[in-house]
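Numbering of the sequence shown is given in the working numbering, commencing with residue -9 and proceeding in unit increments.
It should be emphasised that the hints constitute simulated quantities derived from the structure, not laboratory data. Predicted model only: the values in this text are computed from it and were never measured. Don't be surprised by glycine CBs; every beta carbon is placed ideally from N, CA and C. Please note that the accuracy of each hint is not assured.
[To be verified] Computed spacing ranges between beta-carbons, pair by pair:
{"hint": "1", "residue 1": "ALA40", "residue 2": "ASP8", "range": "28 to 36 Å"}
{"hint": "2", "residue 1": "LYS98", "residue 2": "ASN191", "range": "30 to 38 Å"}
{"hint": "3", "residue 1": "THR197", "residue 2": "ASP33", "range": "46 to 54 Å"}
{"hint": "4", "residue 1": "ALA27", "residue 2": "GLU169", "range": "49 to 57 Å"}
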Amino acid sequence: MTFEAATERFLAAAGISDGTRRVYGADLREFARWFGADSPVEDVDVRVLADWVTELGRARPGGRLAPATIGRKLTAVRSLIRYALGPERVPDGSFAPKRPRRLPDAPKQGEVEDIVDALEGDGPLALRNQALVELIYSAGLRSAEAVGLDLGDVDFEQELVHVRLGKGGKDRVVPLGEEAASLVARYLRESRPQLARGTENALFLSTRGRRLDTSTLRRLVPHPHRLRHAFATHLLEGGADLRTIQELLGHASLSTTQMYSHVDAKRLRKVYDHSHPRS
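Please construct the entire structure, taking both the sequences and the accompanying hints into account.
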């Protein structure tokens, strides 16, 4: 099978999100131009991938590609090979440059409050925006998870939020904070009826009565993922353990959650300095 044919079959397969299909499609077609669209997919081996990484690592007019970008392009090619030939045919080896460790950029609690307060205003949209942002921080939601919530996903009686099909296709249940519950309840009572058109089941509605998309959220908060980082960071600073944070964030692996361990180390040092007789 040619690499081009394998690419088209892979991108048409069920279970691939639109975002992944768009990004992987661009990466795979770039690889096909370099490797040869009519070349057999079976010819992609360790040597080919190593040469590809060397090519990607060369300086370009816009500068060198970031290690994360090179890693993503490699993942796209490996995913295609796994789909077309099976996992045993995926070339083994680490080729991508090591990523520099980046610690999460988490706003302080006061900054989160300022973000929510800045959204105050008149009309149904202001209350919707406050409820949306407060809920993201309160429950540690990803942007897509927040706009994907339906009316029945917020349980006020049990103070829970049911996050459906988060990243990795896994559902999870997270606590509903008091501030978020109050704002969401007010939004449902005072604002949503003014925005509703028809029978849309989405929790958060646009001015046209449709489900919000993540671009609207990004216009409200340029980097909404920072609120998720704040959620995890503030829980750790308050004494929560990494396993609990992993479950609340919906991370498949604890290693992903461990990027927050620097916060835990600071907290432990503070406890040590205040408690140990020879600190």
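Results of checking the hints against the structure:
no. : hint                          : verdict
1   : ALA40 with ASP8: 28 to 36 Å   : 31 Å, holds
2   : LYS98 with ASN191: 30 to 38 Å : 36 Å, holds
3   : THR197 with ASP33: 46 to 54 Å : 53 Å, holds
4   : ALA27 with GLU169: 49 to 57 Å : 54 Å, holds
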